[in-house]
Amino acid sequence: MSSTEAAVLGLLTRGARSGYDLNKLAKAGVAYVWAPAKSQIYAVLPRLVAAGYATTRSVPGGQRPDKQLYRLTAKGRRALKEWLELPVDDADAARNPFLLKAFFGDLMEPEALVGHFERRRDRARASLAEFKAIEDEIAGREDSYYGYLTLRWGLAEARTLIRWTDEVLRELAERGPST
Numbered sequence: 454m455s456s457t458e459a460a461v462l463g464l465l466t467r468g469a470r471s472g473y474d475l476n477k478l479a480k481a482g483v484a485y486v487w488a489p490a491k492s493q494i495y496a497v498l499p500r501l502v503a504a505g506y507a508t509t510r511s512v513p514g515g516q517r518p519d520k521q522l523y524r525l526t527a528k529g530r531r532a533l534k535e536w537l538e539l540p541v542d543d544a545d546a547a548r549n550p551f552l553l554k555a556f557f558g559d560l561m562e563p564e565a566l567v568g569h570f571e572r573r574r575d576r577a578r579a580s581l582a583e584f585k586a587i588e589d590e591i592a593g594r595e596d597s598y599y600g601y602l603t604l605r606w607g608l609a610e611a612r613t614l615i616r617w618t619d620e621v622l623r624e625l626a627e628r629g630p631s632t
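Quick note: to get the working numbering, add 453 to the position in the sequence shown (first position is 1).
If you are wondering where the hints come from, they were derived from the structure by calculation, not from laboratory data.
Heads up, some of the hints might be wrong.
What the hints assert, rightly or not - If you anchor each label on the Cβ, the simulated ranges turn out as follows:
1) Gln-516 / Val-567: 46 to 56 Å
2) Val-512 / Arg-576: 29 to 39 Å
3) Asp-519 / Tyr-598: 32 to 42 Å
4) Arg-576 / Leu-602: 14 to 24 Å
5) Glu-538 / Tyr-598: 12 to 22 Å
What the hints assert, rightly or not - Using 16 Å as the maximum straight-line C-alpha spacing, the simulated EDC-like pairs for lysine to aspartate or glutamate come out as follows:
6) Lys-554 / Glu-564
7) Lys-585 / Glu-610
8) Lys-480 / Glu-588
Beta carbons are placed, not taken as given, at the ideal position from N, Cα and C, and that holds for glycine.
Taking the hints into account, I'd like the entire structure generated from these sequences.
See below:
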């Protein structure tokens, strides 16, 4: 099972949802730890149904097109639990295009390298602001305890990344062009 399939099954544990609803729920919930593209969510839904992990039913949309609601099955819940309890493969953690570019920073124009670090810092700042807003909503809520645990990791990672990129940008400015 792919991580995206597991994320969708996990979201379906919260109740029956349409693809659109799942996409919204992913953005509001798991996006800071797993951010599937909208197209990925829609692509995995038929596979989950074919595997017997979810069922679907059509809900009349009135003036709009009918909506497909997906519901987790007992088989899907068991498969998700099995996937959740498997050891984590850290291979994905070692793939970071930003750090790969930084590693070969001596091969690019200094302005380009600085630009990469500035954009990464800006994204980390934006993430930090989003995470703080989510934190205000879920802190102390028992139904969000595990989400809050992972949110705290996201907050710590964003803060660390901001500090680190600030340090690197200062060092690069002091060092001057090296290419």
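Starting from the hint list further up, note which numbers the structure goes against and sort them upward. none
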